[in-house]
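Number of protein chains: 2
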Amino acid sequence: MSETAGRGSASRLHDQLDHIGELLRRVRGLGQLPEPDGDEGFREAQARLQALLDALHPADIATILEALPLVDRLAVWQRVKADRDGEILLEVSDAVRESLIADMDEREILAAVEPLDADELADLVEDLPTEVLPELMASLDAQQRERVQAALSYPEDQVGALMDFEMVTIREDISLETVLRYLRRFDELPAQTDKLFVVNHDNLLTGVLPLHWLLVNSPDRPVSEVMAPDVNTFHPEDDAYETAQAFERYDLVTAPVVDGSGHLIGRITIDAMVDVLREESESEALSRGGLREEEDVFASVWKSIRNRWAWLAINLVTAFIASRVIGLFEGSIQHLVALAALMPIVAGIGGNSGNQTITMIVRALALDQITPASARRLWRKEIAVALINGVVWGSVIGVVAWLLYDNFWLGAVMTAAMTLNLVLAAFCGVGIPLLMMRLGRDPALGSSVLITAMTDSGGFFIFLGLATLFLM
Amino acid sequence: MSETAGRGSASRLHDQLDHIGELLRRVRGLGQLPEPDGDEGFREAQARLQALLDALHPADIATILEALPLVDRLAVWQRVKADRDGEILLEVSDAVRESLIADMDEREILAAVEPLDADELADLVEDLPTEVLPELMASLDAQQRERVQAALSYPEDQVGALMDFEMVTIREDISLETVLRYLRRFDELPAQTDKLFVVNHDNLLTGVLPLHWLLVNSPDRPVSEVMAPDVNTFHPEDDAYETAQAFERYDLVTAPVVDGSGHLIGRITIDAMVDVLREESESEALSRGGLREEEDVFASVWKSIRNRWAWLAINLVTAFIASRVIGLFEGSIQHLVALAALMPIVAGIGGNSGNQTITMIVRALALDQITPASARRLWRKEIAVALINGVVWGSVIGVVAWLLYDNFWLGAVMTAAMTLNLVLAAFCGVGIPLLMMRLGRDPALGSSVLITAMTDSGGFFIFLGLATLFLM
Numbered sequence: 001m002s003e004t005a006g007r008g009s010a011s012r013l014h015d016q017l018d019h020i021g022e023l024l025r026r027v028r029g030l031g032q033l034p035e036p037d038g039d040e041g042f043r044e045a046q047a048r049l050q051a052l053l054d055a056l057h058p059a060d061i062a063t064i065l066e067a068l069p070l071v072d073r074l075a076v077w078q079r080v081k082a083d084r085d086g087e088i089l090l091e092v093s094d095a096v097r098e099s100l101i102a103d104m105d106e107r108e109i110l111a112a113v114e115p116l117d118a119d120e121l122a123d124l125v126e127d128l129p130t131e132v133l134p135e136l137m138a139s140l141d142a143q144q145r146e147r148v149q150a151a152l153s154y155p156e157d158q159v160g161a162l163m164d165f166e167m168v169t170i171r172e173d174i175s176l177e178t179v180l181r182y183l184r185r186f187d188e189l190p191a192q193t194d195k196l197f198v199v200n201h202d203n204l205l206t207g208v209l210p211l212h213w214l215l216v217n218s219p220d221r222p223v224s225e226v227m228a229p230d231v232n233t234f235h236p237e238d239d240a241y242e243t244a245q246a247f248e249r250y251d252l253v254t255a256p257v258v259d260g261s262g263h264l265i266g267r268i269t270i271d272a273m274v275d276v277l278r279e280e281s282e283s284e285a286l287s288r289g290g291l292r293e294e295e296d297v298f299a300s301v302w303k304s305i306r307n308r309w310a311w312l313a314i315n316l317v318t319a320f321i322a323s324r325v326i327g328l329f330e331g332s333i334q335h336l337v338a339l340a341a342l343m344p345i346v347a348g349i350g351g352n353s354g355n356q357t358i359t360m361i362v363r364a365l366a367l368d369q370i371t372p373a374s375a376r377r378l379w380r381k382e383i384a385v386a387l388i389n390g391v392v393w394g395s396v397i398g399v400v401a402w403l404l405y406d407n408f409w410l411g412a413v414m415t416a417a418m419t420l421n422l423v424l425a426a427f428c429g430v431g432i433p434l435l436m437m438r439l440g441r442d443p444a445l446g447s448s449v450l451i452t453a454m455t456d457s458g459g460f461f462i463f464l465g466l467a468t469l470f471l472m
Numbered sequence: 001m002s003e004t005a006g007r008g009s010a011s012r013l014h015d016q017l018d019h020i021g022e023l024l025r026r027v028r029g030l031g032q033l034p035e036p037d038g039d040e041g042f043r044e045a046q047a048r049l050q051a052l053l054d055a056l057h058p059a060d061i062a063t064i065l066e067a068l069p070l071v072d073r074l075a076v077w078q079r080v081k082a083d084r085d086g087e088i089l090l091e092v093s094d095a096v097r098e099s100l101i102a103d104m105d106e107r108e109i110l111a112a113v114e115p116l117d118a119d120e121l122a123d124l125v126e127d128l129p130t131e132v133l134p135e136l137m138a139s140l141d142a143q144q145r146e147r148v149q150a151a152l153s154y155p156e157d158q159v160g161a162l163m164d165f166e167m168v169t170i171r172e173d174i175s176l177e178t179v180l181r182y183l184r185r186f187d188e189l190p191a192q193t194d195k196l197f198v199v200n201h202d203n204l205l206t207g208v209l210p211l212h213w214l215l216v217n218s219p220d221r222p223v224s225e226v227m228a229p230d231v232n233t234f235h236p237e238d239d240a241y242e243t244a245q246a247f248e249r250y251d252l253v254t255a256p257v258v259d260g261s262g263h264l265i266g267r268i269t270i271d272a273m274v275d276v277l278r279e280e281s282e283s284e285a286l287s288r289g290g291l292r293e294e295e296d297v298f299a300s301v302w303k304s305i306r307n308r309w310a311w312l313a314i315n316l317v318t319a320f321i322a323s324r325v326i327g328l329f330e331g332s333i334q335h336l337v338a339l340a341a342l343m344p345i346v347a348g349i350g351g352n353s354g355n356q357t358i359t360m361i362v363r364a365l366a367l368d369q370i371t372p373a374s375a376r377r378l379w380r381k382e383i384a385v386a387l388i389n390g391v392v393w394g395s396v397i398g399v400v401a402w403l404l405y406d407n408f409w410l411g412a413v414m415t416a417a418m419t420l421n422l423v424l425a426a427f428c429g430v431g432i433p434l435l436m437m438r439l440g441r442d443p444a445l446g447s448s449v450l451i452t453a454m455t456d457s458g459g460f461f462i463f464l465g466l467a468t469l470f471l472m
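Residue numbers (the UniProt record's numbering), protein chains in the order written: chain A, 1 to 472; chain B, 1 to 472.
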């Protein structure tokens, strides 16, 4: 039970992390000494490490494993009691999970996943080595196997892949007294149970009975009179992120999942939805900057390179294009070398401003706050902001350029170029995410790289172009 | 009850948003026609709009208000039933809340906040006009007033500001039967109640009793035998984000808040924690790019400018410094104008790669995965990644530069400069967030602007410096 986990503040975990690291170093150092010198201290350090790990909640062990470099991580992993392996594997990130499973043999893997439920198994299956799958599936009973297969049949971002099957169902024609008697036959209700699901004889969901209503109402009343008939139900094909947003909006703890004809087939719980919300915002942050997926900070050099190379390559192409734009104006630069020094200012401010706009628009799109009707209004607003910022900041930097190079017209070109590039940044900052959305792509994906590409090439072209027209 | 809200999928909300916008336009258009032409249609559209709004859950109305431009937003707000105003104000973002409150008179504000609990009131108080506060505080009873003041005494990011007071407490020396009888005297238990808090006669928390344990155990057993003695308790001074992470780790729904001597003073619920998790990741995304706070997408031009100017100004300074670095080498550029075209590639790739590193480190710091011992290892790893990327991509672009400008040594300088700038990006990408952390600052704050400043100025200096040394 989570209630036995004690205070879980991050600072406490941090202390334990330091402590574990220290014990690991002692165990390793002492293990290399000749006996009997190191023997007693070695055993003592071993025992203390083991006691510390045994007292930790699986979720805390997962956090600690994430924060340890690979060697220490595997040393801790080998010391964790086998019956908790499965739970811990569920808690860690994909990257860390991979490193842990790579360290286990077939027998250990089968033992680890044995205590898990069907939906949890389905989460792990794709990370397990294919050799163990036949034996694993054979060890399940028919119902379990069917549920694992059902969960696997939905993509990861649909409710069907995240639902569990631990719901307590009751009939609507019985009394609350009977429900109370029925519940007393359980040893424990499934975690997070805050409501019972009411079904008819066809297993059609007819309502829900929150546990507190069961408690505050008189036991002689029938379920049908007390239950809430209309519920927040979800379908296995529903989008996981939208479902998580509904959990957040309506403060749900659990909700039933029904098939197309209304039969109850599973339930969704808040803890799965909190994970979805966190993963969504994380992957938004990562994909904006061009990281392919969540990266284990202690991943190998080689893995990190593979995770990051794609966007670096794209960036190389966009930088090369910007470079060719400058190449078009080499004559002008040769003539007035100040242009080379000033052009990165125009590009840089445009990039910064465009990134501010695009961050806000991506966020608003994720929260579903933008309709086609309001898009035009946003464009107008962002372009107005850009015009004002361009005239104000462009004038500041224009005056500085004028004084620095003693050339009034160079300052004027600078002001005009900055204003135009900020307008371009605003236009693309609203337009790129909307276009990505219309094309059915994730609007966050590489948005920062794309807007910077536009404001770099655009900024160089505008500034050098204006300079060539008016200063040569 | 949230159970009556129906399917809350985002796409359904989106349809309703369109529908409301259309009705608003019709009402507005028809209202301008001379009667009786517009009269009947006007009344019908009015009635349909009202019926639609009355059927929506307060959280859905909040979402819709966020997505409407100011004029439409206020038109909807005036049509929302007054008894739901308070709940809706709690759900909307700070920026939208401000715009709604600005539209209400004193009487409306007092009526809106009247049904709220102490902790909810405390959330709103700082956004209310100061004129209404004396009357508002006078309308509360002594206990309410004390609770509002207690909640206001904690900063927004501490548990004390987020806890509520709706906990059900029981004594440990009674039987479960007595507890069941006691609960039946309630009309309804507080929302999210998943456990009862067990206190002794001094109001010291001695344990918790999850509702399901109350249901599955025999009614004659005493509370003391069934309850969990050790609990996840929090203190009002605890950091809200760390508490939210504990909720996520241990799958909590509610948890007790105790003072320094262990007296029960309030409770924390999962819905408040989900908000904390979302706000944290949002503000991380915003502050990285240099937006001061969550910005209402439909905010006025003037507000947007104020929200964004600070980082634009900082960026202007860093861009100016980079420009002066280039200015140092104007002689070299005049001599070999290809340098001007190639230098943005060196700076740009460095910025992209540095942003990848810093994004990952900021994330890992937020999740508390980095210790001083592991920092050095991260540096080594990131610098290794940079060296390899530099040699590989630097060679690619070096060969391109060689062929393009028919100058082997120019290509060689390009390769060397790219490698060095990527190493600089890796060094700063790890170092900047760690330094910000050590200085007690938020490591996400402006991290993108800072790293880009380093890789721009650094990249220009390295490339033009090497070119001056070896090519002139």
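Be careful, since some hints might not be right.
[Claimed, not checked] DMTMM-like cross-link-like pairs, simulated, lysine to aspartate or glutamate; straight-line CA separation at most 25 Å:
#1 A:303 <-> A:330
#2 B:81 <-> A:91
#3 B:81 <-> B:98
#4 B:81 <-> A:279
#5 A:303 <-> A:91
#6 A:303 <-> B:368
#7 B:303 <-> B:330
#8 A:81 <-> A:131
#9 A:81 <-> B:251
#10 A:303 <-> A:135
#11 B:303 <-> B:126
#12 B:303 <-> A:54
#13 A:303 <-> A:279
#14 B:81 <-> B:123
#15 B:303 <-> B:98
#16 A:81 <-> B:98
#17 B:303 <-> B:442
#18 B:81 <-> B:156
Source of the hints: derived by calculation from the structure; they are not laboratory data.
All figures in this text were calculated on a predicted structure; none of them were measured in a lab.
The hints, checked one at a time:
1. A:303 <-> A:330: 40 Å, violated
2. B:81 <-> A:91: 44 Å, violated
3. B:81 <-> B:98: The given pair, whose Cα atoms are some 19 Å apart, holds under the 25 Å limit.
4. B:81 <-> A:279: 37 Å, violated
5. A:303 <-> A:91: 21 Å, holds
6. A:303 <-> B:368: 22 Å, holds
7. B:303 <-> B:330: 40 Å, violated
8. A:81 <-> A:131: 24 Å, holds
9. A:81 <-> B:251: 21 Å, holds
10. A:303 <-> A:135: This hinted pair is violated, its Cα atoms lying about 30 Å apart.
11. B:303 <-> B:126: 19 Å, holds
12. B:303 <-> A:54: 54 Å, violated
13. A:303 <-> A:279: 20 Å, holds
14. B:81 <-> B:123: 21 Å, holds
15. B:303 <-> B:98: 12 Å, holds
16. A:81 <-> B:98: 53 Å, violated
17. B:303 <-> B:442: Distance of about 24 Å is within 25 Å: holds.
18. B:81 <-> B:156: With Cα atoms ~29 Å apart, residue 81 of chain B and residue 156 of chain B exceed 25 Å; violated.
Checked against the numbered hints above, the structure breaks hints 1, 2, 4, 7, 10, 12, 16, 18 and satisfies the rest.
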